[in-house]
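**Student:** Spelled out, the chains give:
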Amino acid sequence: MSRPTVTPTRLLAIAAVGVATLLSIVGIPVTSAQGTAVFAVRADGALPVDAPFDAAWDAARSTEVVMTGQAVVPPRLMVPSFPSVRVRSLVNDDRIAILLEWDDATRDESVLAVESFSDAAAIQFALGSGTSVCMGQQAGGLNIWHWKADWAADMPDRQDVEDVHPGMPDEARFPVDMGAEGPGTDGFLTGQMAGNPRSAATRPSSVEDLNAVGFGTLTTQEPEGQNVHGSSEYRDGVWRVVMSRPLSNGDPNDTVLQPGSAATVIAVAAWDGSRGDRNGLKSVSTWLSLVLPQKPMGPLDMWPFLFLLTLALVLSGLVMLYGSRQPAVGLGWPPGGPDRGGGE
Amino acid sequence: MAVGAGAVRRARPRAAFADAEAIDWLARLLLVAVATDLIVTRFVVRLAIFVPKGEPFSTLSAALGRLGAVADAFVPLAGLLLLGALLVRAGRTGRRGEALILSALAVVAAGGFALTYLPPRPEVLLVLESLVVAVAVGSVIHVRDARGPVVARIGLVALAAAIALAAIGHAVDLAGVLAGSSGVSAMTFNVVGQLSFVCGVALVGLGGAHDLVKHGPSRGRFMAAGAVAALLVGLTAARAPATSGAIMIWSIGLAGAVPDLIVAVALGLAVTGLPVLYRQAPALAIGAAIVLCSGYGLAASGLVLAGLLGLVVACRTERPDPGPVGDRNQAP
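Chains as they are written, first to last, in our numbering: chain A, 1 to 344; chain R, 1 to 332.
Source of the hints: derived by calculation from the structure; they are not laboratory data. Cβ coordinates follow ideal geometry from the N, Cα and C atoms, glycine included. A hint or two may mislead.
[Claimed, not checked] Have a look at the derived ranges for each label pair, beta carbon to beta carbon:
(1) A:249 with R:227: 40 to 50 Å
(2) R:220 with A:76: 18 to 28 Å
(3) A:237 with R:119: 47 to 57 Å
(4) R:63 with A:160: 46 to 56 Å
(5) A:107 with R:58: 40 to 50 Å
(6) A:27 with R:123: 38 to 48 Å
(7) R:117 with A:42: 42 to 52 Å
[Claimed, not checked] Coverage of chain A stretches by chain R, computed from C-beta distances (three or more under 8 Å per stretch; other residues unrestricted):
(8) 21-29
(9) 151-159
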């Protein structure tokens with residue numbers, strides 16, 4: 001190999017390494033991720049937020065998302081309970097709805113027995129770039145919408161332990177005459193008195209709105225911040241869950257969902273109660289892009305793309321033109337002449 | 001100085017950047033970049049997720065993450081250097097087919113960069129995926145003229161098919177979005193594409209490995225390396241299927257459509273055969289290795305560029321040089 005031929009190239013390569021290092025330090029990305037994307041479709045009028053099997057959902061193409069078991073931290077799930085979940089989304093002027101659909105042979109809606117666990121599903125939204133898919137990190141948290149089948153079953157009529165164990169003794173309660181000064185007739189229900197959403201007698205939604213910045217930091221939002229509406233239906237071995245929220249609400253703990261902006265990064269998770277899934281025992285996806293609809297555009301409105309792609313073509317042409325003016329040496333003419341059997 | 005009829009042309013300094021040596025060097029540089037990205041960014045850093053974050057692991061993990069970020073940023077830059085050199089060369093040789101393919105590749109690269117900062121639009125993505133298919137198909141049209149064993153060249157076609165199928169799968173999804181239809185599922189293309197990728201890797205390796213007998217003492221080293229690689233993947237998959245499955249998706253893009261045992265065998269063949277293939281057909285070996293390291297599905301735009309460049313490099317032929325475009329009409 002002749003040194004003068006390669007030296008300028010090596011200098012360029014060294015410069016490229018330097019540029020790459022600088023770009024990574026200052027956090028300027030040069031590559032885009034072209035992985036799985038869920039394209040939200042704009043809908044006219046009200047969204048079918050309370051009708052998971054409404055025909056209106058057919059307007060949105062579902063994206064099948066591959067699931068794996070959560071195998072990072074204990075308790076680990078080594079084999080996913082569900083191989084995939086189908087995701088689709090609808091948006092109107094003021095609200096977004098996301099539909100999760102998966103096949104589940106059993107419908108598990110009760111956690112009242114010690115050995116019973118509920119079906120559940122969740123969507124997590126990255127609140128910053130570079131957030132860890134594993135429950136977030138300090139430098140980039142998550143906003144999580146967590147639907148629970150037992151919460152959905154409680155919406156019309158809250159179930160309690162007495163429904164599973166009808167013969168159990170009546171719970172001790174504070175004397176009625178202390179009701180005005182004491183904690184009330186349910187004073188021994190300490191979870192409710194502490195405001196634990198799991199113990200709440202009534203809940204605004206079957207979806208819990210939470211945040212996390214890493215393993216073990218999952219935190220429910222304040223009651224006034226619980227603004228995610230949920231509805232669900234189980235039909236013929238298929239769960240469909242709709243989670244919806246106003247597009248903008250000004251809550252700093254909530255993800256910003258703005259049509260026309262860059263894609264939001266999300267991931268989904270699902271739990272199968274009959275298999276004992278709970279907590280970290282869950283099936284999870286990797287990051288996907290949730291692309292909200294852009295405003296209708298004509299071809300000329302896509303000028304940034306057109307400009308860059310045209311620029312690429314023009315530059316390519318210029319480089320080839322430059323090449324065409326070079327002398328015919330050093331192009332790898334095989335030894336011995338134009339013979340295909342020559343070496344490289 | 002070239003002499004034409006009645007004219008003396010002033011000699012121009014030659015573009016060393018477009019010499020075969022420089023292109024080979026840049027192809028090797030891209031291979032190093034994408035292999036580093038695979039090993040550090042997509043494997044070790046991902047594996048570190050499973051390691052408890054006490055010291056010194058957290059410091060080591062942070063350092064590896066920084067190295068991985070640099071590797072991730074360097075892959076597209078190395079790709080652009082190689083693309084530039086190939087464009088200059090295409091101008092030199094005047095081959096229109098090559099010029100078209102490389103121009104399409106430049107558009108794909110520009111599109112991938114644009115998507116880093118602009119909201120993705122299905123129409124634009126559809127065009128880019130179509131160009132990826134066109135480049136993949138166009139690159140291997142002349143594979144029969146490329147140097148190397150027939151088996152390896154068939155493997156290269158399978159790798160090109162895998163790239164094309166991944167892009168077609170994305171395009172089907174995007175077309176469905178644009179049409180407002182929930183019809184054809186892209187999963188079939190995904191599954192077939194993964195099969196094609198693994199077959200391609202195995203055939204490329206086999207193409208080199210079948211010539212192993214000529215390599216005397218060194219063949220033992222190659223075979224041992226291949227066996228170790230296959231055993232590592234196979235045993236890990238058997239022992240911890242969920243973890244290795246997650247790592248496999250994150251690092252190489254294979255999402256379980258091909259049994260882990262077959263993936264392990266294919267990897268073993270590639271590790272054994274590619275060094276041997278390099279001695280017979282360096283361009284084919286380097287190009288195939290670039291495609292292998294870029295993975296299937298090519299989630300990041302830098303890896304899309306690298307994989308397609310790998311195909312172009314692998315199918316390079318050293319046919320007679322027609323001379324500079326302006327000189328081709330001159331008398332020799």
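**Student:** Can the suggested window of 46 to 56 Å be confirmed for the beta-carbon pair residue 63 of chain R and residue 160 of chain A?
**Tutor:** Since the Cβ atoms of residue 63 of chain R and residue 160 of chain A sit about 53 Å apart, the hinted range of 46 to 56 Å holds.
**Student:** According to a criterion of three or more residues whose C-beta lies within less than 8 Å of a C-beta of chain R, is the stretch 21-29 of chain A covered?
**Tutor:** holds (count 4)
**Student:** Does the Cβ-Cβ separation between residue 117 of chain R and residue 42 of chain A fall within 42 to 52 Å?
**Tutor:** Since residue 117 of chain R and residue 42 of chain A have Cβ atoms about 23 Å apart, the given range 42 to 52 Å is violated.
**Student:** At a Cβ distance under 8 Å, does chain R reach at least three residues of the stretch 151-159 of chain A?
**Tutor:** Contact hint for the stretch 151-159 of chain A vs chain R: violated, 0 residues under 8 Å.
**Student:** Is 40 to 50 Å respected by the C-beta to C-beta distance linking residue 107 of chain A and residue 58 of chain R?
**Tutor:** Between residue 107 of chain A and residue 58 of chain R, where Cβ atoms are some 43 Å apart, the hint holds.
**Student:** Determine whether the Cβ-Cβ distance between residue 237 of chain A and residue 119 of chain R falls within the hinted range of 47 to 57 Å.
**Tutor:** 37 Å, violated
**Student:** Using the Cβ atoms, figure out if residue 220 of chain R sits within 18 to 28 Å of residue 76 of chain A.
**Tutor:** Given range 18 to 28 Å: violated, Cβ gap about 40 Å.
**Student:** Quick one: are residue 249 of chain A and residue 227 of chain R within 40 to 50 Å, going by C-beta?
**Tutor:** 58 Å, violated
**Student:** Could you check the hint for me, namely that residue 27 of chain A and residue 123 of chain R are 38 to 48 Å apart, CB to CB?
**Tutor:** Violated, since residue 27 of chain A and residue 123 of chain R (Cβ atoms, about 29 Å apart) do not stay within the stated range.
Checked against the numbered hints given earlier, the structure breaks hints 1, 2, 3, 6, 7, 9 and satisfies all the rest.
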